[in-house]
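Engineer: Line by line, the protein sequences give chains A and B.
Residues 1 to 140 (our numbering) are what the first sequence spells out, left to right.
Residues 141 to 217 (our numbering) are what the second sequence spells out, left to right.
Calculated from the structure, these hints are not laboratory results.
One should not assume that every hint holds.
[Stated by the list, open to error] Looking from chain B toward chain A, a few residues come up when the C-beta cut is under 7 Å (computed):
hint, residue
1, ALA167
2, MET169
3, LEU182
4, GLY183
[Unchecked claim] Short derived list, chain B residues pointing at chain A, Cβ under 7 Å:
hint, residue
5, ALA159
6, LEU173
7, ALA178
8, PHE181
9, LEU202
[Stated by the list, open to error] Calculated Cβ distances over 12 Å to all of chain B for the following chain A residues:
hint, residue
10, SER12
11, PRO13
12, PRO14
13, ALA17
14, VAL28
15, VAL33
16, ARG46
17, ALA47
18, TYR82
19, VAL105
20, ASP111
21, ARG136
For each residue, glycine too, the CB sits at the ideal point set by N, CA and C.
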Amino acid sequence: MAEETTVQEPLSPPQNARREALALVVGVAAWLVPGLGHALLKMWGRALICFFTVGVFVWVGAGMRGNLFTSRGNDAFDSLGYIADLGTGGFYWVARSLETNGPDVSHADGDYGTRFLATAGVFNLLVALHAYEAARGRKA
Amino acid sequence: MTSSTGAISGVSVLVALIAVKLSHLQALMVFALVISVAFGFLGRRQPKERVKYILWTLLLFLLVGVGIGWAMYPFSR
C-alpha cells in the first residue's frame, strides 16, 4: 500500500502557506465524505477503512432507530449530540434518509443506535484531523 | 394509486433492509471489532503491527466492556 512518508524537508513561506491551504481542503473533504481526505493523499487502505467504519456505524445506528439530533435542540446535551452527529459530514443526511420511521428511543435498541450515530460522527472528526495532519506533513 | 402503493412497498423494503436488531453484547462486539480495525489502520503502518494492534485493542475493548458491565451489576436492582 503506497502511503505518505513522514519526514519532510523545511519549506519556504509560500510553499508552507500552500501546504497549509491544501491541508485545510483535505481536512474539510475528509469531514464531508468519510475517507475522501485519505484518498486525496493516496492512502487508499485508510480511506476505505474510514469510509467503511463510518458507514457501518451510520447504518447500524439508523437501523436501530437511534436519535439523530437536529439544530433545534432543547438543551446543551441536544446541541452536543447535534455536533457529534454532524461530524459524519454527508452521512448525516444519509442517516436522516435511512430513518424513514424516525427515531425510537423508547427501547434500548434506539438508545444504542443513538450512541452508534454519535460515535460515527466523533470518529469521522478524528479521521478528518488525521488527514489534515498527514497533509501538513506530520507523522501519520 | 398503483404508483403510490409501489412507493409505499419500496419504502417498506428499504426499512426492512436497514432494520438492525442487536442485543447489548452483539452491539458491543460489532462496535469493538469495527473500531479496533479502524484504529489499527489509522495508528499503525506495518501490516504485522496493525494485526497485533487490532487484536490487542479488540481484546481490551471486550474486557473493559464486560468488566464495566459486571461492575455495574450490584447496582442494577
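Engineer: Hint by hint, note whether the structure agrees.
Structural biologist: Hints, one by one, checked against the model:
Given hint, ALA167 of chain B at the interface with chain A, holds; its Cβ is 5 Å from that chain's nearest Cβ, closer than 7 Å. For MET169 of chain B, the interface hint is violated, the least distance from its beta-carbon to any beta-carbon of chain A being 12 Å, above 7 Å. With its C-beta approaching chain A no nearer than about 6 Å, LEU182 of chain B sits inside the 7 Å limit, and its interface hint holds. Taking 7 Å as the C-beta cut-off, the interface hint given for GLY183 of chain B is violated, the closest approach to chain A being about 9 Å.
Residue-level restraint check for ALA159 of chain B holds (minimum Cβ-Cβ distance to chain A is 5 Å; threshold 7 Å). Violation of the interface hint for LEU173 of chain B is found here, the shortest Cβ-Cβ separation to chain A being roughly 10 Å, above the 7 Å cut-off. Contact between ALA178 of chain B and chain A, as hinted, is supported at the beta carbon level, the nearest pair being about 4 Å apart and thus within 7 Å. Here the hint on PHE181 of chain B is kept, as its CB sits about 4 Å from the closest CB of chain A, short of 7 Å.
Against a cut-off of 7 Å between C-beta atoms, the interface hint on LEU202 of chain B is violated, since the closest Cβ of chain A lies about 16 Å away. A cut-off of 12 Å between C-beta atoms confirms that SER12 of chain A is not in contact with chain B; the least separation is 29 Å. Its beta-carbon lying about 30 Å from the closest one in chain B, PRO13 of chain A satisfies the requirement of being farther than 12 Å from that chain. Distance check on PRO14 of chain A: its Cβ is at least 30 Å (rounded) from any Cβ of chain B, clearing the 12 Å threshold; non-interface status holds.
For ALA17 of chain A, the condition that its CB be more than 12 Å from all CB atoms of chain B holds, with the nearest at approximately 27 Å. Non-interface status of VAL28 of chain A relative to chain B is upheld: no Cβ of that chain comes within 12 Å, the nearest being about 19 Å off. For VAL33 of chain A, the non-interface assignment is confirmed: its Cβ lies about 16 Å from the closest Cβ of chain B, beyond the 12 Å cut-off. Not every CB of chain B is more than 12 Å from the CB of ARG46 of chain A (nearest about 5 Å), against its label as outside the interface.
At roughly 10 Å from the closest C-beta of chain B, the C-beta of ALA47 of chain A falls inside 12 Å, breaking its exclusion from the interface. Against chain B, the non-interface label of TYR82 of chain A holds: every CB pair exceeds 12 Å, the least being about 21 Å. With a least beta-carbon separation of about 14 Å from chain B, VAL105 of chain A lies farther than 12 Å from that chain, consistent with its non-interface assignment. Here ASP111 of chain A does not stay apart from chain B, with its beta-carbon only about 10 Å from theirs, under the 12 Å limit.
Distance check on ARG136 of chain A: its Cβ is at least 16 Å (rounded) from any Cβ of chain B, clearing the 12 Å threshold; non-interface status holds.
Checked against the numbered hints above, the structure breaks hints 2, 4, 6, 9, 16, 17 and 20 and satisfies the rest.
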